[in-house]
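> So you can see what is in the structure, the chains are spelled out below.
There are 2 protein chains.
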Amino acid sequence: MSDQVRIVEVGPRDGLQNENTPISVEARVGFIESLLGAGLTTIEVGAFVSPKAIPQMQGSAEVLRGVQHLAGEFHVLVPNEKGYEAARAAGAKVIAVFASASEGFSRANINCSVADSIERFKPVIERAQADGIKVRGYVSCVLGCPYDGAVDPQAVVDVATTLWDLGCTEVSLGDTIGVGTPKKVRELLRACAEAVPMQSLAMHFHDTYGQALANLYAGLEEGARVIDSAAGGLGGCPYAPGATGNVATEDVVYLLEGLGVATGVDLDKLVTASNAVGALLGRAPPSRVAAAISAKQRRTS
Amino acid sequence: MSDQVRIVEVGPRDGLQNENTPISVEARVGFIESLLGAGLTTIEVGAFVSPKAIPQMQGSAEVLRGVQHLAGEFHVLVPNEKGYEAARAAGAKVIAVFASASEGFSRANINCSVADSIERFKPVIERAQADGIKVRGYVSCVLGCPYDGAVDPQAVVDVATTLWDLGCTEVSLGDTIGVGTPKKVRELLRACAEAVPMQSLAMHFHDTYGQALANLYAGLEEGARVIDSAAGGLGGCPYAPGATGNVATEDVVYLLEGLGVATGVDLDKLVTASNAVGALLGRAPPSRVAAAISAKQRRTS
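Residue numbers (UniProt numbering), protein chains in the order written: chain A, 1 to 301; chain B, 1 to 301.
Please keep in mind that the hints were generated in silico from the structure rather than gathered at the bench.
It cannot be assumed that every hint is accurate.
Any copy, or any two copies together, can satisfy a pair, since identical chains are not distinguished.
[Unchecked claim] List time: in silico EDC-like cross-link candidates among lysine to aspartate or glutamate, alpha-carbon distance up to 16 Å:
| no. | residue 1 | residue 2 |
| --- | --- | --- |
| 1 | Lys183 | Glu257 |
| 2 | Lys183 | Asp3 |
| 3 | Lys82 | Glu126 |
| 4 | Lys183 | Asp152 |
| 5 | Lys122 | Asp165 |
| 6 | Lys183 | Glu221 |
| 7 | Lys296 | Asp268 |
| 8 | Lys183 | Glu33 |
| 9 | Lys134 | Asp165 |
| 10 | Lys269 | Glu33 |
Extracted from the complex, chain A is given alone in its bound form (with noise of 0.2 Å):
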């Protein structure tokens, strides 16, 4: 397990959307340039959808246009044409794309069926190849459905070659609620990998029951080898308030660092990092990590 492990930083776009309180364009930019500080390398750092509908994502183009001038992977969620054709304009290089396993998720949180999500991300895949774009795809509730419980693994397993078919160059596997455990992580990701590349699939686990780190290290025993996770742990989970969001990054590093993986981000700025956003929100980041080494960093103060 010694090869290398790629961090996908989604705390500024997943993590922040998630939270109730919107932060400013200025202090997302200063936050992902903690994070770059850091050492994390690729970061998700917005979306391009509807304001009214996610006010927390208000000027992600103001803040790609603020980050990427700085050495470092951007990516930014696309819903639809008018979406790519917003982010194109701000610069992108990375898109990523979104479907649901289940039926129920996707009526509720796009209001269309899977279908007709990939059939309306379709052209904004054709264009982003045709405009030298990559493109991300997310599969989300891939071990289950806050609205339909329990997921087929081949209804992920669709989704996930129909995006590796259409030409994303990299498929992450959303437990949106974290509700995985490890056994399942594994079969999910066996299943997978018989479509899509064991090395471009990304485990995405958000850690509402604890899991996501023992569902990470069995995943990484399998051979995955990207993670996508949000700097202290950003997020919460909107369909249990007061549950836990994505597993954090600080979390996921540590657990790296100990199996000898080296990751190159420096914790302690991490986790100033971290704090820094937690306190604009009103709160101490979730991240277990996080608060061991601010208990450790008041101590030393």
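Since chain A is already given, all that's left is putting chain B on it; use the hints.
Chain B alone, transformed into the frame defined by chain A:
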């Protein structure tokens, strides 16, 4: 991994001992009753230590007397012969002794060397065996020490072997400050299992750095089958105030059930028990599962 796993619930002792707010004998008896009601069967209920040094454990004899008519296996911690006599007088059937794998922790915690601490509880084990009382042995700081830093696995093996040879029927390996990661856990378990049968080793992991479930999963894969945990994740960390304590029983149960290991524990009842103690302590339990289930309970009530 479908064979039986034994959970040793340590919330009423290791958990409450490390909480700032002492709670009454009556409340502790009620807590233990609710844990039994949730399906837990092996519970560490108190410690026969100086009430001046550890006021949280004051009245442990009354707690033990208050529950021992109930169906369950109740453990109490015993530091020395004086404590042993009090535990026996209160009807203890299982006691636990403890030694550190690190000299720094031994000196700071019980003011003597590791070797001296073993001499101190030798007569305790002898008397317990003569009295037909089972003895469990704790080794603390098995993956790191707040004073000495890294701990040599051989030091852990030496103490574990001594405890086993002296007659302990189970040796619990404590990651007291929660710094371990899965690879180190596997290596440690393999080393200890050379001297103590794997089925007689318990995993006692704190969740300070969020690694506990990943570590337990790795340990289960190695063949370990006993897990110490605390309802709600009680306990905090005296070496990192604000950080997390024992791994939460709720999170362990969720993991095990997801792996197909039946625990017999009713998670809703367990969360209710943890929340009731949390209310007495003035804070929500840190368990992720408790937070997620509490959110659901609030929505449906």
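> All the hints need checking, so say for each whether the structure fits it.
Hint check:
1. Lys183 to Glu257: between (23 Å within a copy, 11 Å between copies)
2. Lys183 to Asp3: between (23 Å within a copy, 15 Å between copies)
3. Lys82 to Glu126: For Lys82 and Glu126, the Cα distance is within 16 Å only inside one copy (14 Å; across copies 78 Å).
4. Lys183 to Asp152: within (15 Å within a copy, 32 Å between copies)
5. Lys122 to Asp165: Within. Shortest intra-copy distance 11 Å satisfies the 16 Å Cα cut-off; inter-copy 68 Å does not.
6. Lys183 to Glu221: Both: 11 Å inside a chain and 11 Å across chains, each within 16 Å.
7. Lys296 to Asp268: within (10 Å within a copy, 34 Å between copies)
8. Lys183 to Glu33: neither (37 Å within a copy, 33 Å between copies)
9. Lys134 to Asp165: Within one copy only: 14 Å inside a chain, 62 Å across chains, cut-off 16 Å.
10. Lys269 to Glu33: Close inside one copy (11 Å), not across copies (45 Å); limit 16 Å.
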